[in-house]
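Visitor: This note's numbering puts the sequence shown at residues 14 to 591.
Calculated from the structure, these hints are not laboratory results.
This one's a predicted model, so the numbers in the text were calculated from it and none came from an experiment.
Just so you know, even glycine gets a beta-carbon here, dropped at the ideal spot from N, CA and C.
Take these hints with a grain of salt, some might be off.
Capping the alpha-carbon separation at 30 Å, the derived lysine-lysine pairs in DSS-like fashion look like this [said to hold, decoys possible]: (1) Lys87 <-> Lys161; (2) Lys87 <-> Lys164; (3) Lys259 <-> Lys87; (4) Lys575 <-> Lys457; (5) Lys87 <-> Lys472; (6) Lys63 <-> Lys161; (7) Lys63 <-> Lys87; (8) Lys259 <-> Lys543; (9) Lys259 <-> Lys472; (10) Lys555 <-> Lys472; (11) Lys161 <-> Lys259.
Label pairs and their computed distance ranges (CB to CB) [as the list claims (entries may be wrong)]: (12) Ile267 <-> Cys460: 44 to 50 Å; (13) Asn492 <-> Trp288: 28 to 34 Å; (14) Glu436 <-> Pro416: 42 to 48 Å; (15) Gln182 <-> Leu579: 52 to 58 Å; (16) Pro362 <-> Thr305: 17 to 23 Å.
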Amino acid sequence: MSQRISLLNLIASSRRGRATRFVISLVDSLLGIRRMDALYRQHNMQGLSKEDFADRLLQILDINLQGLEALTEKIPRSGPLLIASNHPFGGLEGVILARYIATVRPDLKVLANQGLKLFPELNDYFIYTDPLAEGNPKNAASLRQSVKHLKQQGALLIFPAGRVSYFRQDKGRITDHHWNRITGTLIQRTQAAFLPVFVDGLNSPLFYRLGRVYYRFRLLMLARELLNKQGATISIACGSPVPSEKLCKQADSIHHTVVCRALCYAQSPQWRYSWPPDAVTQHQPLAAPVCTDTIERELALLPAHQHLFDYKHFAVYYGTQQQLPNTVRDIARLRELVFRQHNEGSGAPIDTDHFDATYTQLFAYDRKSRRLIGAYRMGQTDHLLKKQGLDGLYLSRMFDFQPDFINQQQPCLELGRSFLIPEYQRSYQGLYLLWRGIGAFVCKFPCYRTLYGTVSLSKLYDPRSVALIREILVQHPDNVNPRFPFMFDLHPECRDAVNSNDMTSDLSALLAGIETDGKDIPVLLRHYMKLGARFHALGLDKNFNDTPGLLLSVDLDNAPVKLMKLYMGNGFQQFYRS
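Make a model of the complete structure from these sequences and hints.
Guide: Written out as structure tokens, the structure reads:
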């Protein structure tokens, strides 16, 4: 005779007295477990394999699942893998995820609530634990089993909240309970990659109302909630796998768990966005390159002091459009070429505006290949403000600068329109040459002790990544505001995590869990972070194909000495004495 689905299955045989059996039978009826048992028998589910049982259950409930293809595509085919999900329903999501993740990872185990022992057909999936008792010493065995499974290169699915999502009075919304630190502990101990998963859905309003009266009513309602999902559509969203070395930059497993939870909620379909259509929809053919001989004739005519330094077969210069009309035109052509690759181009044959006539161009030239390899456009704010006021500053079109912002308090260099040609974009050498040039320039003109400008955050990044960069880095001062704000917001759970924790060192891990092609922090942004930059605001550049720009400043007097020595060379001592 096959075993019935009943709460009796969870009680040791030595405690199954007649009175206990009567009470359990009554409770089975009240909680919907008896109805579940009837379905179980009606559809001949007893004794099925775990795969067939899960398929039959989803068929009976007529569940419409969305996002399965994306989920299975992102699951690494081998290696230790920890998968964590929110817990919106209390059981059904475990069956769904176990069934479909196991199609890619047959080695999958699920760390699950003992309540799922109700379904003996699924036992092979589970490592059972008691999530409601985080300090229960009996859970040590399940933790050891989980660690062993991951160290043996297995995949493990966990629901770190340990209980079904509920209305949290402290947050004013339905969300998970705080996550058990076991998430971070498992990653630390096993160096497993982490895969964030989000299951979108809710239980019935009655479930949440009763849960607010008494929390244990939620547990008692779970069987009914599973049965009332008849015909439901459930969306599953998955991030990208995050290597353990990106997550384990701190020793605190609680902090790791906060990062993992934020990543899971970042996958919510309700909080995903697409960039608006590009303002630039058509590209004209690029301008023809300027003749190399013409550029070299202009360089030869520059005053000697504008030749900042030589390094191997490279030379770095600065000059104006008036001095270098053809060179600046080729810089503008190359800017357009590079910016188009990042969805930032103007669409015109060259990237230029009237600021090219008033700003200084700093650039690197490769004498061996006879070509420009990269440049910065620099605005000397003391001269520009004196002649034109704030209208003379390019970034005043993007930000509303108050009188107490640094560019009106002291001479600054406004940096922008930086680029490196494709061959040098992944090379340390290109960025080094430009910054060595900036260092040499400020040593010649030591009144410029503060640099400010924007880092463009390409629209090739997911809007969630840009929102995370803003929330983690921007300090929100009250003396500058974007004229065209970046309006996309984060899931409230992500925002809470960022606002309650310093997650600067976690930014790389967060982007890894969102970006589908492995993009990390933009190289130039990472460089500014190393320089100790202060980040002021994020706005859209309407003159640069609506590209988000992160406004920052660098105080050279307080920048890391090691980097200043590298970029200033022999002028370092004199700069700091002046």
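Visitor: Looking at the structure, which of the earlier hints fail to hold?
Guide: Every hint satisfied by this model.
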